[in-house]
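Quick note, the sequences are listed as chains A and B, same order. Going by the numbering used here, the first residue of the first sequence is number 4, and it counts up by one from there. Going by the numbering used here, the first residue of the second sequence is number 4, and it counts up by one from there.
Don't read these hints as lab results, they were simulated from the structure. Nothing here was measured: the structure is a model prediction, and the numbers come from that model. Heads up, a few of these hints could be off.
[Unchecked claim] DSS-like, lysine-lysine: derived pairs with alpha carbons at most 30 Å apart:
#1 B/Lys64 with A/Lys24
#2 B/Lys18 with A/Lys14
#3 A/Lys24 with A/Lys42
#4 B/Lys64 with A/Lys42
#5 A/Lys14 with B/Lys9
#6 B/Lys42 with A/Lys42
#7 A/Lys97 with B/Lys14
#8 A/Lys18 with B/Lys14
#9 B/Lys64 with A/Lys97
#10 A/Lys64 with B/Lys97
2 protein chains.
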Amino acid sequence: MGIVRKTRSVKALLKEFEQNKTALSTRELLERLHLQMNKSTVYRILERLEDDGMLHSFQGKDGLTWYALNNKNSYSPSNHLSTHPHFQCRDCGKTECLSISIPVPEVAEHSIESVSLLLVGRCAECVG
Amino acid sequence: MGIVRKTRSVKALLKEFEQNKTALSTRELLERLHLQMNKSTVYRILERLEDDGMLHSFQGKDGLTWYALNNKNSYSPSNHLSTHPHFQCRDCGKTECLSISIPVPEVAEHSIESVSLLLVGRCAECVG
DNA sequence: TTTGTTATTGCAACTAAGTTGCAATAAATT
DNA sequence: AATTTATTGCAACTTAGTTGCAATAACAAA
Numbered sequence: 004m005g006i007v008r009k010t011r012s013v014k015a016l017l018k019e020f021e022q023n024k025t026a027l028s029t030r031e032l033l034e035r036l037h038l039q040m041n042k043s044t045v046y047r048i049l050e051r052l053e054d055d056g057m058l059h060s061f062q063g064k065d066g067l068t069w070y071a072l073n074n075k076n077s078y079s080p081s082n083h084l085s086t087h088p089h090f091q092c093r094d095c096g097k098t099e100c101l102s103i104s105i106p107v108p109e110v111a112e113h114s115i116e117s118v119s120l121l122l123v124g125r126c127a128e129c130v131g
Numbered sequence: 004m005g006i007v008r009k010t011r012s013v014k015a016l017l018k019e020f021e022q023n024k025t026a027l028s029t030r031e032l033l034e035r036l037h038l039q040m041n042k043s044t045v046y047r048i049l050e051r052l053e054d055d056g057m058l059h060s061f062q063g064k065d066g067l068t069w070y071a072l073n074n075k076n077s078y079s080p081s082n083h084l085s086t087h088p089h090f091q092c093r094d095c096g097k098t099e100c101l102s103i104s105i106p107v108p109e110v111a112e113h114s115i116e117s118v119s120l121l122l123v124g125r126c127a128e129c130v131g
C-alpha cells in the first residue's frame, strides 16, 4: 500500500535522495542515518517507498541493494517496467541511473517481464 | 591463479554442473554438497573455478550468487567479457544462460568493461 | 486541543550468505 | 615412500536483511 504517514524518518530518508541525485546503497544509507533511526526502519521505509513508486531498487555488482528516485514522469506504481540501465564504477563504487533506453530482447518460449542491466566500468573521475 | 589440484571436492562440484547444464545458485550447491564437503570449500572452489575461466558468476534477482559453466570456446580466463544475458523465472526461480548476444550501449564519459543483463519473467513451464 | 485509532518505530533476537585464520589432510612431484 | 604445499574442515566471525512485539507518534475526528 506504500507510504501513508510523513514521519520524521521518511522525510530524512527522502532528503538523502534529493541531496544526492544518484543511487544510494543500503549500506551508505545505514551509515548516514543510523544515528537518526533504526536499521529496520531504514529497510522498511525503503520497501514502502518502492511499493509506492517513489524509489526503485536494483542489485549492484557485489550483491548490495541500491535505491534511486524514480523520475516523476515514469512515476506509475506497480506497472513500472523499470527498464533503464544502471552504471557502477569498478573503482570507486559510485552508481547511477542511465537515462538511455535499451531494447528488450525476445526469448523464445519465455515471457519477459522485467530487465535489469548493470554496466560496470570506470566513471569519468576514475578513468583520470 | 585458479585450480591446481583435482581433488575429490572439485570433481564433485564440477559433476553438478555437468549433470545440470543450467546455472546453479550457491544455495542449491550448498544443499546438494553439504554432506560431501564444508561450505567454505564450496565457496573456495567456486572462486577458483571462476578465476580459472571454467565458471562464471552473476547475481540473481534476489541477490543470490549463481554460477554456470563457461562454454568451451569462450574459455579465455581474465579477458572474458561475459556479455551474455541470463534469465530467471519469477515463479520457480530457475535460472539459465541465454545464448543471444546483446549490444553493449555506449555511455559518454564512461568506459564500460562488463555488462550484466538479467531478464526476469516466466519460463515455458510456468507460463503453462 | 484533546482524544482515539492505527501506522510506524525501536529493540533485540534471529536468519542466511559469505569470509577468515589456522591446524590437519591429501594431491602431486621427486 | 618421502616431501612439498595446495586444499580442506572447523569454528568463529561479519554483514545484509528480517521479524515479533510492545511503545510511540501521525493524523483524523470530535
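Now the hints, each set against the structure:
1. B/Lys64 with A/Lys24: 24 Å, holds
2. B/Lys18 with A/Lys14: 52 Å, violated
3. A/Lys24 with A/Lys42: With a Cα-Cα distance of about 22 Å, the restraint between A/Lys24 and A/Lys42 holds, given a limit of 30 Å.
4. B/Lys64 with A/Lys42: 23 Å, holds
5. A/Lys14 with B/Lys9: 56 Å, violated
6. B/Lys42 with A/Lys42: 29 Å, holds
7. A/Lys97 with B/Lys14: This hinted pair is violated, its Cα atoms lying about 39 Å apart.
8. A/Lys18 with B/Lys14: Since the Cα atoms of A/Lys18 and B/Lys14 sit roughly 52 Å apart, the hinted pair is violated (cutoff 30 Å).
9. B/Lys64 with A/Lys97: 21 Å, holds
10. A/Lys64 with B/Lys97: The given pair, whose Cα atoms are some 21 Å apart, holds under the 30 Å limit.
In terms of the numbered hints stated before, the structure departs from hints 2, 5, 7, 8, listed from lowest to highest.
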